[in-house]
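All chains should be modelled from the sequences, with the hints used to inform the complete structure.
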Amino acid sequence: MNLIGNIIWLIFGGLLGFILWSIAGLILCVTIIGIPFGMQCFKIAILVLWPFGKEVELGNFGAGGLLLNILWLILLGWELAITHLIIGAFLCVTIIGIPFGIQHFKFAQLSLLPFGARIR
Numbered sequence: 001m002n003l004i005g006n007i008i009w010l011i012f013g014g015l016l017g018f019i020l021w022s023i024a025g026l027i028l029c030v031t032i033i034g035i036p037f038g039m040q041c042f043k044i045a046i047l048v049l050w051p052f053g054k055e056v057e058l059g060n061f062g063a064g065g066l067l068l069n070i071l072w073l074i075l076l077g078w079e080l081a082i083t084h085l086i087i088g089a090f091l092c093v094t095i096i097g098i099p100f101g102i103q104h105f106k107f108a109q110l111s112l113l114p115f116g117a118r119i120r
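Per the UniProt record's numbering, the sequence shown starts with residue 1, numbered consecutively.
If you're looking for bench data, these hints aren't it; they were derived computationally from the structure.
A couple of the hints might just be wrong.
[What the hints assert, rightly or not] Mimicking DSSO-like on lysine-lysine, the simulated pairs with C-alpha atoms at most 27 Å apart in a straight line are:
#: 1; residue 1: K43; residue 2: K106
#: 2; residue 1: K54; residue 2: K106
#: 3; residue 1: K54; residue 2: K43
[Claimed, not checked] The following label-pair restraints were derived from C-beta to C-beta distances:
#: 4; residue 1: M39; residue 2: T94; range: 20 to 30 Å
#: 5; residue 1: N2; residue 2: G34; range: 16 to 26 Å
#: 6; residue 1: I119; residue 2: I11; range: 19 to 29 Å
We put the beta carbon where it would ideally sit given N, CA and C, even for glycine.
Right under this line is the structure:
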């Protein structure tokens with residue numbers, strides 16, 4: 001089931017999302033200050049490409065990760081989380097969209113605290 005979900009996801013927006021997150025990561029990596037944020041964009045891009053069958057574990061960040069998570073949350077994270085929550089809620093209205101809505105809830109969780117998160 002994960003393979004079929006990932007293929008459908010890839011065709012209907014996963015590849016585009018991967019490309020957009022990767023471009024955002026490349027733009028952020030141009031500056032030295034933006035490299036940690038760009039690396040988190042690459043982490044999210046990989047999850048956006050093939051999300052079914054993967055889990056997100058939050059935590060395990062030190063003092064530096066906490067500071068970077070706070071900056072991420074203030075500058076970008078809350079907007080991304082709200083966007084993914086709204087898209088996920090709309091997708092969960094139909095039975096067919098529920099698995100895709102759940103994936104957007106996973107992205108919302110990761111977009112709040114990406115530093116120290118693990119994708120399994």
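Here is what the structure says about each hint:
1. Between K43 and K106 the CA atoms are separated by roughly 13 Å; this keeps the pair inside 27 Å, and the hint holds.
2. A threshold of 27 Å between alpha carbons decides the hint, and for K54 with K106 the separation of about 9 Å falls inside it, so the pair holds.
3. Our distance criterion of 27 Å between C-alpha atoms is met by K54 and K43, whose separation comes to about 12 Å.
4. Here the CB-CB span from M39 to T94 is close to 35 Å, at odds with the stated 20 to 30 Å.
5. At roughly 33 Å, the beta carbons of N2 and G34 sit outside the given window of 16 to 26 Å.
6. Restraint check, I119 to I11: a C-beta distance of roughly 22 Å satisfies the suggested window 19 to 29 Å.
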